[in-house]
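Participant: Chain residues, written in single-letter form:
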Amino acid sequence: SAVISQKPSRDICQRGTSLTIQCQVDSQVTMMFWYRQQPGQSLTLIATANQGSEATYESGFVIDKFPISRPNLTFSTLTVSNMSPEDSSIYLCSVDGTGGTEAFFGQGTRLTVV
Amino acid sequence: AQRVTQPEKLLSVFKGAPVELKCNYSYSGSPELFWYVQYSRQRLQLLLRHISRESIKGFTADLNKGETSFHLKKPFAQEEDSAMYYCALYNFNKFYFGSGTKLNVKP
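Note that the protein sequences, when read in sequence, are chains A and B. Counting from 1, position 42 in the first sequence corresponds to residue 42 in my numbering; the numbering is continuous, with no gaps. Every position in the second sequence, counted from 1, becomes a number in my numbering once 1000 is added.
Since no wrong hints were added, every one of them can be taken at face value.
Computed list of lysine-lysine pairs in BS3-like fashion (alpha-carbon distance at most 27 angstroms, straight line): (1) B:Lys1009 - B:Lys1094; (2) A:Lys65 - B:Lys1094; (3) A:Lys7 - B:Lys1102; (4) B:Lys1009 - B:Lys1065; (5) B:Lys1094 - A:Lys7.
Residues of chain B placed beyond 12 angstroms of chain A at every Cβ, according to the derived structure: (6) Ser1012; (7) Ser1026; (8) Ser1055; (9) Asn1064; (10) Glu1067; (11) Glu1079; (12) Ser1082.
Because the hints were derived from the structure by calculation, they are not lab data. Cβ coordinates follow ideal geometry from the N, Cα and C atoms, glycine included.
Whenever a hint applies, use it, and build me the whole structure from the sequences.
Facilitator: Right, dumping it as structure tokens:
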């Protein structure tokens, strides 16, 4: 199993500003994933963060808006840039178990943009 | 492309009643399917996976390739089953989630 710590747990931000969310895992993992969970909608994968290379973004998400860092095998950050109210959502960090047998999630960051 | 559909946003049942949460998927290969659950104020966690053919907390789910479904069932719902349930498909190192069904078990 993996224990994931994510912070901040929540924040209220002004539009036009940026917020960086941190994700710390208690074990070394190859891939870390960032999801967005909008009210009443599914978890949508934003990007996959690999250590030592650039993140891989899903369709509809771009690096300029959601830059990701992955400095080592236990840590990643997601920045939500130039925020607008439409970015209000829960952002989740996740890692896979061995062979994709299970996904482990952080507790999420609830972001409100005003 | 893979897609997971959960047609019900909310499902309300009385304690002791059977419950079925529907999940349909679209995927051309042999899918790996999961059910995840999120209880109030807790993080999302795995409930069960189809390859294990297990029963967890009284829940079971059978993969029906003909109907491309992976419905979650429990014969007698309990109040503590109230939670958000997400069906997920695993492909190429990624999980694809449905939109979730909120199960409300009334006393």
